[in-house]
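Position chains R, L and E against the provided structure of chain U, taking the given hints into account.
4 protein chains.
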Amino acid sequence: MNQSHQIDLSRYQVRTDLALERHQMAIEEHGGEIPGVHIEEQNIDGIHFSKMSVTTEEGSQALRKPKGNYLTFEAPNLKQHDTELQERLSYFFAEEFHKYLKQLGISDDAKALVIGLGNWNVTPDALGPKVVENLLITRHLFELIPDQIDEGFRPVSAIAPGVMGLTGIETSEIVSGIIEKSDPDFVIAIDALASRSLERVNSTIQVADTGIHPGSGIGNKRKALDQETLGVPVIAIGVPTVVDAVSITNDTIDFMLQHLQNQMDIRNPFTKASKDPENPKYFLGLIGSLTENEKRQLIHEVLSPLGYNLIVTPKEVDTFMEDMANILANGLNMALHRSVDKENVSSYTH
Amino acid sequence: MNQSHQIDLSRYQVRTDLALERHQMAIEEHGGEIPGVHIEEQNIDGIHFSKMSVTTEEGSQALRKPKGNYLTFEAPNLKQHDTELQERLSYFFAEEFHKYLKQLGISDDAKALVIGLGNWNVTPDALGPKVVENLLITRHLFELIPDQIDEGFRPVSAIAPGVMGLTGIETSEIVSGIIEKSDPDFVIAIDALASRSLERVNSTIQVADTGIHPGSGIGNKRKALDQETLGVPVIAIGVPTVVDAVSITNDTIDFMLQHLQNQMDIRNPFTKASKDPENPKYFLGLIGSLTENEKRQLIHEVLSPLGYNLIVTPKEVDTFMEDMANILANGLNMALHRSVDKENVSSYTH
Amino acid sequence: MNQSHQIDLSRYQVRTDLALERHQMAIEEHGGEIPGVHIEEQNIDGIHFSKMSVTTEEGSQALRKPKGNYLTFEAPNLKQHDTELQERLSYFFAEEFHKYLKQLGISDDAKALVIGLGNWNVTPDALGPKVVENLLITRHLFELIPDQIDEGFRPVSAIAPGVMGLTGIETSEIVSGIIEKSDPDFVIAIDALASRSLERVNSTIQVADTGIHPGSGIGNKRKALDQETLGVPVIAIGVPTVVDAVSITNDTIDFMLQHLQNQMDIRNPFTKASKDPENPKYFLGLIGSLTENEKRQLIHEVLSPLGYNLIVTPKEVDTFMEDMANILANGLNMALHRSVDKENVSSYTH
Amino acid sequence: MNQSHQIDLSRYQVRTDLALERHQMAIEEHGGEIPGVHIEEQNIDGIHFSKMSVTTEEGSQALRKPKGNYLTFEAPNLKQHDTELQERLSYFFAEEFHKYLKQLGISDDAKALVIGLGNWNVTPDALGPKVVENLLITRHLFELIPDQIDEGFRPVSAIAPGVMGLTGIETSEIVSGIIEKSDPDFVIAIDALASRSLERVNSTIQVADTGIHPGSGIGNKRKALDQETLGVPVIAIGVPTVVDAVSITNDTIDFMLQHLQNQMDIRNPFTKASKDPENPKYFLGLIGSLTENEKRQLIHEVLSPLGYNLIVTPKEVDTFMEDMANILANGLNMALHRSVDKENVSSYTH
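In order, the protein sequences belong to chains U, R, L and E.
Residue numbering for the first sequence follows UniProt numbering, beginning at 1 and increasing consecutively.
Residue numbering for the second sequence follows UniProt numbering, beginning at 1 and increasing consecutively.
Residue numbering for the third sequence follows UniProt numbering, beginning at 1 and increasing consecutively.
Residue numbering for the fourth sequence follows UniProt numbering, beginning at 1 and increasing consecutively.
In isolation and in its complexed conformation, chain U is listed as follows:
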């Protein structure tokens, strides 16, 4: 088998921008904890929240993600358009994001520039521009009428620079030009992401202090936006909005195997038949004997020549995007301006 397939692991990369998924994959591969990666998790009222730190080069390589601090908010029921959960997530995000800024040494009056990445003409890629439309923008007021601004606000500016196909200019160039002229203390970059799992699409928010790097994500749409290139801290906020067909198929095959094993156990409660190492092979034949990566590689190999390896998004993409953009805009307005709170936040978005 291995001879015949000679899977080149370097060729197929699982498309995911989520550190949490990289971590799961690393655990699957390495069969245990990853050195240099620390995770804390909690569940609050329908929200699964995890903080992950990648502290060593070894951890970074295992996850193929830069060293840094990652927050992940998961709320699967967002897909049921649960408005109370939306509000809860928005408040919770605001609190945690505010703490996160503090821990990075970013004070309450540090000047923020928010970059809404992505293409506003492509619904699943329009998260950044949609969030930016609903932010409370104040930088110009601090410049023009500083003495008329109440306590509890900070200078916030924002732009949705578009993608290179629309502008002809690398997004990183546009952003670094604007930073030089407008002199923010830190940057928040918002982007739509790819996930390996349909389940996480439009129900997960990832925050990272690592900036944004090319080659990851939906497409290779920009060069790096990080502290090194921009000169100020860059905090990336992303929401997975798409998934590729390889991931959908691979996950489903895994689910099928689990399902068949469970059924076997139910019928034979006293044997531990499902633990039998021959088991996957029994259910899935040769496919069952492949490693995770070999399986994905095979699926990729099969789908690509058929022009079939599409990236997809749920049919309800319009409302999902609308909901997520509102959660993030409200969350950011509260986190960035301490005078914006649960009582008045809705009057700042439209």
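What the hints contain is simulated information worked out from the structure, not anything from laboratory work.
Repeated chains share a single entry, so a pair holds when one copy, or any two copies, can fit it.
Once the Cα atoms are required to be at most 27 Å apart in a straight line, the calculated DSS-like pairs of lysine-lysine come out as:
id, residue 1, residue 2
1, LYS102, LYS67
2, LYS67, LYS223
3, LYS51, LYS67
4, LYS111, LYS181
Same frame as chain U, now just chains R, L and E:
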């Protein structure tokens, strides 16, 4: 196996509105030609065109589609945003659709009402409303200034009635009310469809003289729109814009099997190993021994409790919909008005 | 003068759909109260509210408006995008509109059909469609799951039928077809109106139980929608969104005259010079000697051949329309469903 | 009278961004040709085309416009949505704009950056962003795949930076940052303008090599964008889309006077009564004795306290903007890329 799974075939229905796919599935099941179904096919310049007639009750039951005449236009390269192919398809569609109307006994001055079904707030469901926006509407001119209208036009009216969740009224009720008042000779109903195959999404147009029936398609969004309920012939035009996760996975497993068999043959050119009936089992284990329907049923069973059986659409849904709506609007403007032709058609859409 | 101009009063019609403005014009012309017209007015917190009844044929002719009951809500500061005033107006409108329905004998469980008139592609004409998008639609739930509906809701359906140029069908025909099939107890028709005064544009709501009649308003876009044609009571809700250049000029000339007279009085406090009947002539020459209608007629005569008699809307039309549509949608949701109130209304619009 | 009014000419500025209108006003005031201003005019097929050079400081002060070269294209029938005129204007604009660039020493391979100024959420202000959406963007191709680009194209980049209320940053700062990073040879800045005349709204295009300066135009939305601030030539392209109520009224009063004088002459063909200097006073009283500026000032004084001095746009603003944006995008695509011509231009816009 069969004991343990007891797959209830009635429960899982493959989601497809395409007669062509139903036909393929019927052939897969029955293992040969379907009585009462006739197909003619041709390939012209990147367009695969097929005419299918379902003439007997038996054929209808085998396909789970009503008796009638189906046209299918497939142009896989539409996904490459090939503007010349778009034009070609538009002209070819116009010609064939015009012939089709003639064969149904619908003359060049018969009054048309075009119904754009679907929800304009849901991008992959907005095909109907988008087409309707770009039609050349003339009925009111025939009513108000009949002597100022040139030769080669017919009375065309159109409406996008919305979906029941937006209006509170069954779409079929709205449409039948409008028909009674505006008295068209025939109805064209345009709708977004579901396909079982990602490949056909946004690259296929189906025409059928059977009307539109509830329970099929993306959701159960209306009661029947057909000659029986509306009193005039109803021609349905549909484009698949979504596919469910079950279909994606199932197709991919099939492709994997084919792929592995091909590789086996390449390596062992003189044996016909790939024809060995034990073969699917070798590659896919127990899964390989399931029939098509058992396999789909299993996948469905696995995905549903995970909230994972989503319906998806390609990430590029916005441009695909735009392109398809233009092809159809231009095609219909030419087919319905003989004075609209290749030279002037673009001045009627915006 | 009169000889030379021979102004044909029948030719130029002041473009206004507001009964209040018709009433003012009638008073200007007749120089006093109009028999058969009763008005009650009150000012509450930035809202000027008036109830007008036209009870006799004489009153109707003087106002060129059908007999009926008119409510007018004016809130000039809406143009300052005052969100608190928007909420107040929304609540106040809900209360008064609910009372109004009661007085017309329309009970809390009477079935409503809301018609959003106008063209969604023309920003100042899109009021109706925008309101309809944000209504709480329930009729289908009463049909499908009647026992799962809480107290305090009524069956509400809604449609934005488009304009004749888009559909090819008279709007009145579409609406009457839908009424026959869906059987509502009353109809609410929402439309953008014309005012004679820039001041009232986007700051005024008119309610009338007279239905909607062709030839009035922005354009002659439909035949009558009233109890006579539709068989059920028709309540019209309108907001002026446009004004014609004749009105702007005429008003300004009047304001100039007042202004000059005021200044004269300020300088000569003891004479009553401003009351001198020669006064308008002194300030405005021959123009000053024209009656209101002659003046408008002259302006119309001057502007028309120049292609200059345009209908205009404020530059800020997008936000004005957005704000007004929200006020009306929230107001209607509260007035029609007694379980929708200040606390929860915002969760029903998006 | 004059005492009492003491009109402060510095206070009220006629709102116009059109050099042509400034020139007309200067002629009205100075009663003759303006030194240092040269005009050439021609009429071609429904298009009035004028080239104006302001060559001296004196001319510049008389017109309150910077020294420079102005092109003005007027096509009043654009308002009739005449698609052939649109095409003609587009081709004519392309030719003249190309010549204009040559005369400014800008060669066919000079790198262009197009800035779409204005707020995309405000329909009459969205010209710039709409044009930019339809430009053929090539700069990134010259950077990434220079050897795959055919003859007859130049590097074009573009951005719609938004307005300060949306970004919190001066537009001039954003633009200058982008210029430093992307290094264009010249800039084209597209903006919606104010006119003093309803007639010119959405039927006029102005080109100027003077850049864009604050305080002029619809609002004070940016600091200067010109060669001095940006370091490269800046060519401004503008279309008037709004007009203020003062201008509408003032123009109409002027038209009324002309109209009355014409009628007088028609009735008394042998006297030259209309030339009688007492004439304006006879028709318009005291108002007739005011100078142009005094009259505008008075109207402004009257309207302002009434909150009535609104800026307005024609009701049909949506289609006007759409048409104009297409004319400019097509015109620019042809002028900037010599390989884009009448035959293929429409395939580059959508």
